[in-house]
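Peer 1: Now for the letters of each chain:
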Amino acid sequence: MKTIAIDRLPDLAQALSKAGYRVVAPVDEGGVVRLREWTKGLALALDAVPVNSVKDVLFPRSEVVARFALEESGGFTPAPLERSAPKTVVLCARPCDAAALSALDAVFNWDYRDGSYNARRAATTVVSLACFKADEHCFCTSVNGAPDGTAGADALLRPADGGKKLVFEALSDKGRQLEAMVSDGQAVPDAPAALKRRFDSAAVGRWLASNFESPFWKEAALACLGCGACAYACPVCHCFDLQDESDKKECRRLRNWDSCGFGLFTLHASGHNPRPDQSARWRQRVTHKFSIYPQKFKTFACTGCGRCARLCQAGMAIAETCERIEALGR
Amino acid sequence: MKTETSAVPAATAFEPRITAFVCNWCTYAGADLAGTSRLQYAPNMRIIKLPCTGRIDPLFVLKAFEDGADAVLVSGCHPGDCHYTSGNYHARRRWTLFRKLLALTGIGDDRLFFSWVSAAEGQKFADLVNDVTAKVRQAGPFRAANPGRRA
Amino acid sequence: MMKALREAAAKLLQEKRAVLVIGYADRKGRPAVFVSKPEDCGRLVYDSSCRQNLAAYLGKPELRARLPVAVVAPPAVLRSLVVLTAESQIPAGQVLALAVDHDAFLGVFDAAGAAELLRSKFPDLGPEKALLERVAELSKKSAAERAAFWAEEFAKCTRCYACRAACPGCYCSRCIVEKNAPQWVSTAALGHGNYTWNVMRAFHQSGRCTLCGACEAACPQGLPLMVLNAVLDREALAEFDARPGYDPEGKPVIGSWSAEDDHSYMR
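Protein chains in written order, with this note's numbering: chain C, 19 to 348; chain Y, 1165 to 1315; chain Z, 38 to 304.
Keep in mind the hints are simulated off the structure, nothing from the lab. One thing to keep in mind: the hints can contain errors.
[Claimed, not checked] Covered by chain Y, according to a simulated footprint, are these stretches of chain Z (three or more residues, beta-carbon under 8 Å):
1) 122-133
2) 179-185
3) 231-237
4) 260-269
By construction, the Cβ of each residue, glycine as well, lies at the ideal position given by its N, Cα and C atoms.
Using the sequences provided together with the hints, build the complete structure.
Peer 2: What follows is the structure, given as C-alpha cells:
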C-alpha cells in the first residue's frame, strides 16, 4: 500500500508543487481555516471544516465570461477570453466537498455544458482526507455520504496507525498519476468518524414534494435574515448573477455568485416577487436541495458538510429543518 | 500678490490624474473666473460639477479611486455662503468622518483634498490646482497602493 | 437571572403587552428564538456568548406584522432600539426591551426608559480595550501598509452581506449595492467592489453604530469589521459628541450640522 506520515504531508504538497501542480489545501489564517493556494511554509489545518469549499476552485466567486472591446465609433467586438484552468491538486479536501462535485458535474453539464467549470474540473485532481472526527453540524450520513466517502474524489487519504499515518488510495486515473509521489509502506487504517444518521432524506424529499403550502414554513424561517452566507459557503450551491461592467475601452460580462436567500433574488422587473418573504425563500432552499434537484439529477444538492449551520449567524440549520420535516411526516 | 501662476513643469514621466468634485455656485464659478482671468494652471484635474457639495456622496470619491484617480479634490462654498444655505455644512460633517475612515484604509491627506473656494477666488482656485497637482506628482502614481482601484 | 427574565417575558405575553418575544435560545451559538406562548418562555436564556443583535429582526416585514414585540436586550441592543426609535423605524410603543446584562435582568423598558437606563447604568459605552488595541496597532502602520492590510482582508469578502443582515442599522429596503441604474457598487466579490462595499457599509453607520459586534460575528470570513466601526465611532464622538442610543429623540449625526464643526483640514 501507499502510505505517508501525517507530518510529512507538507512534503507531499511540495512535491506536487514541484511537479507543476497548483496546490490548494486547508490553511489556518488567523483562526479561520480556509482552503487556499498552498505555498511552502504554510501549516496545513486538518481539524476543522474550512469556511469555504472546493466549489471555489471550480466555480469562482466572480469570473469574466465574456469580453467586448469597445470602439470609439460606438461598435464593439468580442475579445478573446483566456480561460484560467491551471493543473491543480486539492489536497485534503473533505469527502463531503468531493461528493458535492458529483452534484455540480450534473448541473454544469445538463442543458448547457459549462466550458469554464469543465475546464477546471478536468484540470483538478481531488485528494480527499477521510474524516476522523465530526462536529455537531456534520450530517453526511443523512444524505448518502460518509466520513470516508469516495464520490467525486480522485484519491482518498485514510488516517491509519492512530492518526500518525495516512494510506493513499487512488480512485481514478488522475489519482493514479500521483501515486509515484507517495512511498510504499504498511499501516492499519483507523475507523473513520462515526456519524449517526440524523434524518431519512428520502422521506424528507417525499414530504417536500407534497407539502408546498404547509403552515410549517411560516415559522420555520423567522430567524433567517436573508444573507448569502449559507449559499456561498455551500459546496453545492451554484446560482449566479450575470453583470456587465464597462469602462471606456472594454465591457466585461461577469458571472458572480448569487443566493436564493436574498430578498431580490426573484424580484421581477414588474415589481412582483413570487417569493415575497423569507419563509418562501427558505422553503425554496430546502425543497430545491432535497426534492427538486434529486428528481432531476438523482442526487441531493446537499452533502451534509454542515457549513451553513456552522456559519449562520442566526442558527438556521438545514439538518434541523429536515429533522422536523421527518417528524411531521411520521 | 501673484498675478500669474506658474505653468505645468515640462516633460515629466508621471502626469497625475486628479478628479475634482465641485459645487456649481462657488468653486465652479471660481474656476471659471480663473479661466476668464487667463490664469495658467495645471490641466491634470478633471472637474465634475454638482449643484452643491451637499450632493457629493462619498461613494463618488470611491468611484473616482476605483477608476484610477491618483487623487481626488472636493471643493465648495465657504461655510455661510452655500447657495442652498446648509448643503456645505452637511458635507463638512461627512468629510470629517469619511477622511478618517479612508486614512485608516491607506488613502490619506496626500490623495484626498478638501477646500472652500468662492466664486470670487479665481486666483485661489488656480493656486490650489497647481499645489495639489504638484503634491500628487511628487507622491507618484497611486495605482499600486490604491486599495480601492479596479484591477 | 434567567428566572426573572423568563417570568417577565411570560407576563408580557400573558398581559398581551407583547404578542411575540424575540430572545436567545438555550442552544449552542445562542441563535434567535421567537416565543409567542407564555409557557415557552423557559427557552429564553442570556449570557456573554449571545452575539446576535436581536434588534435586526425589527427590519423583517414578517415581524413588523407581529407587533407589539419584546426583545431581549443587552446594553448594545438597548442602544440599537433607541437608535431605531430616534430614526422613526419603530412605531411608538410597539417594542419593549427585556433589558439584561451579564448577570442581571434589569427590567422591562420602552425606548425612553431604555435610554435612561443606559445613561444611568451604562454611560459612555465604547469600543472594548482589545478592539482599541487592534485600532492602535493598525494606526501605527504606514499608509501603504494599511492599504495592503485591508486589500488582503477585503480579498476574503464574498459579498454575502451577512454583515448587513446582522446590523439593525442596515434597514434600507433597497441597499445601495442593489441599485443597478446605475450600478454604483460592483457586485463582483473582487478587489474594488469589496473595498467600496466594506467602506460604505461602515460609513453608513457613522454616528449610528452601537458597537454590538454582530457584523463581525456574522462574517463567515472573519473580516475585522469592528476596526472600521470603532474608528468612526471614536471620531464621531470626538468631533460631534455623537452618542448613538442614549437619546430616543437624538438627531442623526450625519443628518445634522453645527456652524462650529471642524474644518481645519480644508484648504
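Peer 1: So, for every hint listed, does it hold in this structure?
Peer 2: Do the hints match the structure? See the list:
With 0 residues having a beta carbon nearer than 8 Å to a beta carbon of chain Y, the region 122-133 of chain Z misses the requirement of three or more and the stated coverage is violated. Under a criterion of three residues with beta carbons nearer than 8 Å to beta carbons of chain Y, the stated coverage of the region 179-185 of chain Z is upheld, 6 such residues being counted. Taking a C-beta to C-beta cut-off of 8 Å, the region 231-237 of chain Z contributes 4 residues in contact with chain Y, enough for the three needed, and the coverage statement holds. Note: the region 260-269 of chain Z has 4 residues with beta-carbon separation from chain Y under 8 Å; the three-residue rule is met and the coverage holds.
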